Amino acid sequence: MTKSDFAVIGQPLPKVDAWAKVVGETKYADDLFLPRMVYGKLHRSSHAHARIRSIDTARARAVPGVYAVITGADLPRVKFGILPVSQDEEALCTEKVRMVGDAVAAVAAVDEETAEQACRLIEVDYEPLPALMSVFDALAHPEVRIHEYGDGPNVHKSVALQFGDVDTALTGADLVREDVFFFEGSNHLPMEQHAAVAHWGSDGKLTLWSSTQTPHYVHRLLAKVLDTPAAHIRVIATPVGGGFGGKTEPFAHEIVACQLSKLTGRPVKIALTREEVFYTHRGRHPVLMWIKTGFTKQGDITGCHLRTWLDGGAYGSYGVASTFYTGVINPVTYKMPVYKFEAARIFTNKPPCGPKRGHGTPQPRFALECQLDKAAEQLGLDPAEMRRRIVAEPFTKTANHLTITTIGLGECIDKVVEASGWREKRARFGGTAARAAVSGGSREGGAGCTPVVQPEPPSPKKPGIGIACSAYLTGAGTAIYWNDMPHSGVITRADRSGGVAVLCGATDIGQGSDSVLAYLTAEVLGIEPKDVHVHPADTSLTPVDLGSYSSRVTLMCGMAAIQAAERLRAVIFQAVAQRLEVSPTSLVARERKVGVPDDWDRAVPFAQAVELGEAIHGVLAFPGSYAPPKRAGKYKGGGVGPSPCYSYSACVVELTVDEETGQVDLGNVWIAHDVGRALNPLLVEGQVEGSVYMGIGEALMEEQVFRKNLHKQPSMLEYKSPTTLETPEIHTILVETDDPEGPFGAKEAGQGPLLPVIPAIANAIYHALAIRIDEVPITPDKILKALELKRLGKPARVGPVKLPLFTFKEPIVVESAFGQPADAVVKRPFAS
Amino acid sequence: MIRLPPFTYLAPRTVDDAARLMAEHGRDAMLVAGGTDLYPNMKRRQFEPKVLVGLRGIRELRGVRGSAGGWTIGAATTLSAVTAHPGIARDFPALATAAGLVSSPQLQNMGTIGGNVCVDTRCNYYNQSYEWRKAIGFCMKKDGDICLVAPGSSRCWAVSSSDTAPVLWALGARVRLIGAGGERTVPLPALYRDDGIEYLAKRPDEVVADILLPPAEGWRSAYLKLRRRGSFDFPVLGVAVAARMDGDIVRDARIVLGAVASLPRPAEKAAAALVGQRVTRELIARVADLAAGPAKPLDNTDFTHPYRKKVTRVFVARALAAVAGLRDGGATSEEVA
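Protein chains in written order, with our numbering: chain A, 586 to 1417; chain B, 23 to 359.
Watch out, some of these pointers could steer you wrong.
Unchecked claim - Facing chain B, according to a computed beta carbon distance under 10 Å, are these residues of chain A, among others:
#, residue
1, Leu774
2, Met776
3, Pro1365
4, Asp1366
Read the hints as simulated data drawn from the structure, not as lab findings. Computed from a predicted model, the values in this text were never measured in an experiment. A virtual CB, placed ideally from N, CA and C, is assigned to each residue, including glycine.
Whole structure, please, built from the sequences with the hints as guidance.
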């Protein structure tokens, strides 16, 4: 279909919930106040690693206004975790604490002040254990075990996969580069701190309202940890004030709120403080990376070998998936015929890492894209042209058996090169060799200048321009628990008023999923988005959607919504066809009417069409279901990485670096994103700009770091993240490839565009000053250090210099599937 | 969210009443004007006053008044009012700049110049929640008895974090203090002590009533601030330069560094090296080296302390160039990394 065939799709409409959010009508979890509600608070560990000898809650219980004080002994002794293979968490620790911030006890009281006061009176007797605060520490002390399970002492997960013969591929290369990179961890920093309200009613049924991205998974796990039938639990995801992956699994405060409600017979609210959000975390893994890649003289990749070490923190979380994600997506971008990937996730005594926007892929993307930049220079190639040459082929398989459908990366590169004035600026800002020759001697104006009284000094601010690209999945191809059911379901019900209700388990976390459901339904039924009432994320009312993660919602809920709306439309068309005495195939739905285009005067208003349909069919409620194509590679681990389709981005960053202060000033960011089709370009641009902003923070500032076993700066003031003032002009270009897998051709937009920003900044800094900062964040002190090394004639690089002594397991060796044609989708699951 | 502890709020109408109430309640009481720093600190239990004496209702504390003898700024004048005042912007551009760089516009609308002059010293072992401080082991500034940034030290090394104080120092400001026992006017440097805990040399009952600035004739000034972002952040280095110029010859000069010690730190040798000289780039380079000498940052703020030390020289050079009217490639009012 072309753009002009659509009425709603492709229009820059405001989000359906925009007004409510702007004027403050939206009710987030912390805005809920129920009659007789009390307030819960968690007592958290002050030790990074310790055995719990005893807990004394007597003084806390004695505080007037305290309704209940509980410890882990008051909860069923069941461990939990988001992944079936990592059931290693307790809502309240019973034997051991594994980080500062682990919850140990909890209080319910008449108000937050009283709960806080009582929490401070809980006394825990600890036997301190050595704290392992880094990957190196954890591997050096196998005698200290953070957990008893895993792939070795303090090794949560170790994976090794090989696709084709890497050694031969590298031997045959004209250039082989080996580089080491480090990517620091970071928090999601959602504006809304996690909050939950639990009400265990007198009927014995539990309702939990929570700011969660995954109500279905929370529902399943609450049943397990509370030892209560899932049929008697209802989870409602309230509007989420920013998720980014940080609200994608069940948390201690949710479970504790439920238990406190059961004990007090009152609704219980627990709202986390910002500091507690930093402890709850599940943010970006710090990852150390070694990457070895072979290139031909022309810039083609002959093969690539990547090793990653993830600092996992104290618990499993999504860590097994994160570990795979540090390797599996790299081959989706460029022609990479042979690939080997080894990774290990290590437990440490820090808040657990998990999925943050891009989940495990920004780190290796940084490594690969910076290495490509270095290789291009060595080969004398323009880094944009080199990338353009090696873009992967559409409708083929990668070395690691992932299926690429459409790929608009070539067009993305062309567009950012064109829009940014790449070639001209690359030449004008560049001249690494020329700069090196005059470095240190240019302040007087250079040879041949006539001496003047007060010569204008050259500006210390040196311009540079850099490029990088990326790919990301549009929804994980497999659920976190193995099943054959839909990944997403929708029920669409038409009302005699002409309104249409859409019930879907998806959670709108600000990305606009409620809006997308309204747009798609309105498009199919020929009505306005305002006529569609979206009822999301209530496990008692809405069909299951697995959750707002892995950029899956627009595609998966979207496909289900289209199916449901089409089923509804078919019945309405049947009824209208009878009334108008025409064939149903001659009908169209548009402008809130159903009729024959050539006889539009007789078209039936939509509300009347619904009545006609209901008179024939009975209640007009139709389900839609979606499951992704089964494309998991036939090898162990092949379930992580497949996706219905992949989005692509190319990014050019223009900046200046002050060579006296090391400060980076971003000028412009040009980013082109292959979104398949922009269902609403305004929303897509918002997602792209948000991704760019978050990427800038990770590139230049953000670091979840620890000192004396504690988070160094768990506050919004001192954990530095950019503001609007640090955000440069972002020039967003949308590329449409009309992917056959997506709803009206759409692919993801919420995560992928973050990925290229970080290496593009690093590459632009190199272009400006000929220094390599091979780790993020790239802070001014690192830039000055690299400049100092350059002045001393040493390699002008700041980055990791050592790798852990770690033996990876023997790899699973699989034939490379590189270049094989993609399997066509013959029949979709749950099709009519 | 973190909640405020309970306290009694008193709202006097005159400075004398405020001073009397402070004397009456002794160590249980604290003064509050804008409250932008005090209330968050109370939430983290860095302060636990039982009584707050509010200065917001005292009319005589607000406003900027000019006369032949100089300028008087009421201590409860908001930072945005100071920045926006045309006389201040004309005569003391460094002060207008500094007040306009404190935190964010919203906080400048609430925060006062007196509050900024008296703002608590900061340390990233201290500006933390009660639970965090308990977990690491309380420091001597609150609830403990050691210094976590310099464990061998017998004193507190929390950092003076005022943007306006180094500028007012460089401009030769005086402060009028009103206490229960009467009033006195002292040079601004006499307000400070080199101690992270007892950083103010005034009696607890004394209220900073006015800030007095001498006439600006012949003086030029500039302020440069190092912070991570273009808004919100406290200074982790401030450079205030004021110079009285006679053509291109410096007749008098003051250079004062902020956020490198527990009080604003004057660079006297560096300033002296300017006097009687024509400003050239060579002179600036020499003076900047001298000025960076007194900067002894420790590892208790944002950025690494060697970095803060290293860029002190650059910032001083840029501030001097700005005052001398020499174009420099660097920014003229602020540096943001």
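Consistency of the hints with the structure:
1. Given the 10 Å rule on beta carbons, the hint for Leu774(A) is violated: about 13 Å separates it from the nearest Cβ of chain B.
2. For Met776(A), the interface hint is violated, the least distance from its beta-carbon to any beta-carbon of chain B being 13 Å, above 10 Å.
3. Interface restraint check: Pro1365(A) against chain B, minimum CB-CB distance 5 Å, threshold 10 Å, status holds.
4. Contact between Asp1366(A) and chain B, as hinted, is supported at the beta carbon level, the nearest pair being about 4 Å apart and thus within 10 Å.
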